[in-house]
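Undergrad: In the working numbering, the protein residues as written are 1 to 158.
Honestly, I wouldn't trust all of these hints.
Straight-line distance between alpha carbons at most 16 angstroms, and here's what the computed EDC-like set of lysine to aspartate or glutamate pairs gives [unchecked claim]:
#, residue 1, residue 2
1, Lys85, Glu21
2, Lys124, Glu82
3, Lys113, Glu21
4, Lys85, Asp114
These are computed hints drawn from the structure, not numbers from a lab. Note that the coordinates shown come from a computational prediction; the quantities given were computed from them, not determined experimentally.
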Amino acid sequence: MRLVINNKTFDSKEFKGTEAELLEQFVYEFLNINSIVMMERLAVVYEMLIGYIKDVLGIQENPPFKFDDIESDREKLEIVIEQYKFAKFLSSRYKGSYESYLDLLEQYEVFSKDKAIMTLIDYKLARFGDEIFKEMGIEIIDRIDQGFIVKDNSKYIN
Numbered sequence: 001m002r003l004v005i006n007n008k009t010f011d012s013k014e015f016k017g018t019e020a021e022l023l024e025q026f027v028y029e030f031l032n033i034n035s036i037v038m039m040e041r042l043a044v045v046y047e048m049l050i051g052y053i054k055d056v057l058g059i060q061e062n063p064p065f066k067f068d069d070i071e072s073d074r075e076k077l078e079i080v081i082e083q084y085k086f087a088k089f090l091s092s093r094y095k096g097s098y099e100s101y102l103d104l105l106e107q108y109e110v111f112s113k114d115k116a117i118m119t120l121i122d123y124k125l126a127r128f129g130d131e132i133f134k135e136m137g138i139e140i141i142d143r144i145d146q147g148f149i150v151k152d153n154s155k156y157i158n
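Using the sequences and the hints given, assemble the complete structure.
TA: Below you can see the structure in the form of structure tokens.
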């Protein structure tokens with residue numbers, strides 16, 4: 001299969017990595033097409049991952065959610081992240097359980113090497129960071145070049 005994404009050509013016959021690495025590269029490149037709004041990119045990535053699981057891996061399972069039926073952009077992003085992790089698990093042919101794979105992904109050394117996951121996490125933090133920190137009881141007072149000035153328990157922290 002030959003595919004052009006973001007002016008880069010991918011040929012599955014010539015790709016030297018694993019199937020999981022090819023999936024990661026496809027998702028990463030598509031998420032970085034700046035001419036399309038990010039939420040639209042996420043919708044396409046979600047459908048692409050569903051199609052990949054059905055058509056390439058041969059698992060005929062209907063997804064529990066229809067992307068367009070989900071109201072919150074944050075929930076849509078979470079669904080895409082989870083669907084990506086599941087597709088990557090299946091394509092990696094990981095020998096352990098899905099739970100042990102997710103435990104492995106919790107380690108920074110592991111997930112930070114996955115460009116697609118990092119792109120999704122970066123977007124999540126950029127778009128929903130204030131909301132996430134607020135849920136944790138942390139208030140962002142100001143943003144500076146080297147990070148944030150936050151207020152936690154009435155103490156100002158940089």
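Undergrad: Which numbered conditions among the earlier hints are violated in the structure presented, ordered from lowest to highest?
TA: none
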